[in-house]
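S.K.: Working from the sequences, and respecting the hints, build out all of it.
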Amino acid sequence: MHDIKPNMTLEQSLAIAPDAALSRADRVYYTLRDEIFDMHLLPGDRLTEGAIAERFAVSRTPAREALQRLQSDGLMQGYVRGGWEVVPIDNKRFDDLYEMRQMIETFAVRKLCNGEAPQAGLHLLLDALDRVWKVGRTQRITDGRKLVELDEALHHTLVEAAGNDELTSTMRRVTDRIRVVRRLDLVHGDGIAETYEEHAAILDAIRRGDSALSVELVSHHIGGSQASVNGLTMQRLIAARTETGRKATVAAPARPRRTI
Numbered sequence: 001m002h003d004i005k006p007n008m009t010l011e012q013s014l015a016i017a018p019d020a021a022l023s024r025a026d027r028v029y030y031t032l033r034d035e036i037f038d039m040h041l042l043p044g045d046r047l048t049e050g051a052i053a054e055r056f057a058v059s060r061t062p063a064r065e066a067l068q069r070l071q072s073d074g075l076m077q078g079y080v081r082g083g084w085e086v087v088p089i090d091n092k093r094f095d096d097l098y099e100m101r102q103m104i105e106t107f108a109v110r111k112l113c114n115g116e117a118p119q120a121g122l123h124l125l126l127d128a129l130d131r132v133w134k135v136g137r138t139q140r141i142t143d144g145r146k147l148v149e150l151d152e153a154l155h156h157t158l159v160e161a162a163g164n165d166e167l168t169s170t171m172r173r174v175t176d177r178i179r180v181v182r183r184l185d186l187v188h189g190d191g192i193a194e195t196y197e198e199h200a201a202i203l204d205a206i207r208r209g210d211s212a213l214s215v216e217l218v219s220h221h222i223g224g225s226q227a228s229v230n231g232l233t234m235q236r237l238i239a240a241r242t243e244t245g246r247k248a249t250v251a252a253p254a255r256p257r258r259t260i
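Under the UniProt record's numbering, the first residue of the sequence shown is numbered 1, with each subsequent residue one higher.
One thing to keep in mind: the hints can contain errors.
[To be verified] When the alpha-carbon atoms are kept at most 30 Å apart in a straight line, the in silico DSSO-like pairs for lysine-lysine are as follows:
hint	residue 1	residue 2
1	LYS111	LYS134
2	LYS92	LYS146
3	LYS134	LYS92
4	LYS134	LYS146
Derived by calculation from the structure, the hints in this document are not laboratory data.
M.R.: Right, dumping it as structure tokens:
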């Protein structure tokens with residue numbers, strides 16, 4: 001949870017101290033998860049439990065545990081003989097996830113605007129978000145990876161402010177599953193200016209308590225992101241891998257085809 005205090009910038013709220021007491025499985029899990037999010041491992045890349053165990057100097061048990069956790073996150077999928085694959089791009093799956101995201105976020109901003117959510121500290125929270133998103137062009141962050149973190153923090157903060165813990169938890173799970181393509185959009189795409197402008201407009205509408213406009217702006221914002229995701233191509237994935245300077249990771253047996 002990102003707990004934004006009135007005297008804390010949003011950037012400071014995102015600074016989380018690393019846990020020095022991570023287990024072996026945790027270390028493997030967090031490293032692989034970051035590599036997927038940073039596009040060092042891309043959709044369709046394959047690896048094996050044995051290769052992961054060797055790389056991290058651990059036994060197969062923590063390697064398998066880490067991979068299973070990534071599977072629960074919707075980031076990996078396992079198949080035969082200890083083989084694993086970074087979940088391929090599936091537009092139907094992402095359409096479903098974006099539909100869930102839109103339902104959650106429009107519900108949240110409607111509650112915020114209608115006074116149905118806790119109001120204590122709401123304006124201070126909006127002030128903190130304004131300091132990040134309502135800035136001049138020369139002050140805008142152009143590091144796509146950092147921008148993804150700030151983008152997620154804004155959306156999570158608004159949902160969390162609505163006061164429904166179950167929706168907040170669901171929103172985080174949805175975000176985990178779409179983060180790969182969101183990073184591809186902001187890091188390798190051209191959506192930075194639009195992100196700033198649309199976020200600023202959403203915050204203004206919420207501050208005014210304009211429910212209809214807030215819902216319309218959030219829906220448009222999420223729809224634009226979804227359209228960008230649907231436009232992703234294998235060429236863009238290859239370009240992303242080239243820019244990261246990594247070769248494809250193919251260290252698993254070929255996935256068996258189903259027979260009819």
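S.K.: Of the hints given before, which are not true for this structure?
M.R.: Violated hint (a single one): 3; every other hint is consistent with the structure.
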